[in-house]
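These protein sequence lines map, in sequence, to chains A and B.
Following the working numbering, the numbering of the first sequence begins with 744 at its first residue and continues without gaps.
Following the working numbering, the numbering of the second sequence begins with 98 at its first residue and continues without gaps.
It is worth saying that the hints were derived from the structure and are not from the lab.
Heads up, the beta-carbon is just placed ideally off N, CA and C, and yes, glycines get one too.
Treat the hints with caution; some may be incorrect.
Partial list, derived from the structure: chain B residues whose beta carbon lies under 10 Å from chain A [what the hints assert, rightly or not]:
no.	residue
1	ALA103
2	ASP106
3	ALA155
4	ARG167
5	TYR248
6	GLY288
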Amino acid sequence: VRGDLPDLPELTPLGRASASSDDMGLVDLLDRVLDRGVVIVGDVTLSIADVDLVNLSLRLTLTSVEGPTRRR
Amino acid sequence: VIHLYAIADALVPEPPPGIDGAPVEQLGFGGLVAVVSRHQGGLARTTEMALAHAQVVADICAAGSALPVRFGSGYADAEQLRDAVAESEPRFRALLERVAGCVELGLRARTPPSASADRVGADDGGTEGEGAAAPEEGSPEGAAQGSGRAYLERRLTEQRAREAELVRSRQRIEQAAALMPPTREAVMRMGRQGPEMVFLVVRTDVDGFARAAGQIAEEQQLLLTGPWPPYSFVEDAGDG
């Protein structure tokens, strides 16, 4: 992956993975959407264990996942 | 289940479709608006869903000023959501003010420091001989004891290397960030890719900042990412 890194990452509209973005942008996006952002304390909010589950599947599927924009 | 994307202080004009094309609804609670969609039985906790959530959040934050909500907030009904929002209303108001009209950009190492520190540890072959000398065939306990000390020493070496690497990485990022144009806020935090400086940048300044900061990042062999919705600036208690 490292060899493919562009010198300057493409700046994309508001957190979207761009068509040319690589896994790096994806990791940064997932970092935000899973670990940052507003958390509201509520009974149904995912527990830590659930989020860890997401992380786990993230590792497994990271290479095969397409950026959201590409799906459009 | 009601899935929550964002909290806004006004209706978001032309909200995007939600996950799986579900219509996005905007529920007004007091002076706040919860941007949600409804789904049968909740959403799967997968990477794909997290990315779909991120996409909708990005579109909402592009359409108006809103607080991006972390993936995974689901509520049984509107009443439960209203109670949850009401409880945090002062915090949300403070955060909305903090990030109004802003996006965030991130500055981090191109290679996660922990990964390179792991390599340093793995290359340190000195401890392996001791571990290899110990094993007694068919006696896993003896082998474990013999290699235990070497293992712990190796782990300690690895951990020290990792910490040193993190400190170096943080310093490099701070030094580069000091050269960049001023932003509304800049905060150092720990991300999955190691230390990261996150910048809160007024939308209209993003192009200029990204150009200047991107150049510096490139010179310093760092990675500038974004712009993103201001995920990194909405998680504290907003006491500012």
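Which constraints among the numbered hints does this structure fail? Numbers only, ascending.
2 and 5
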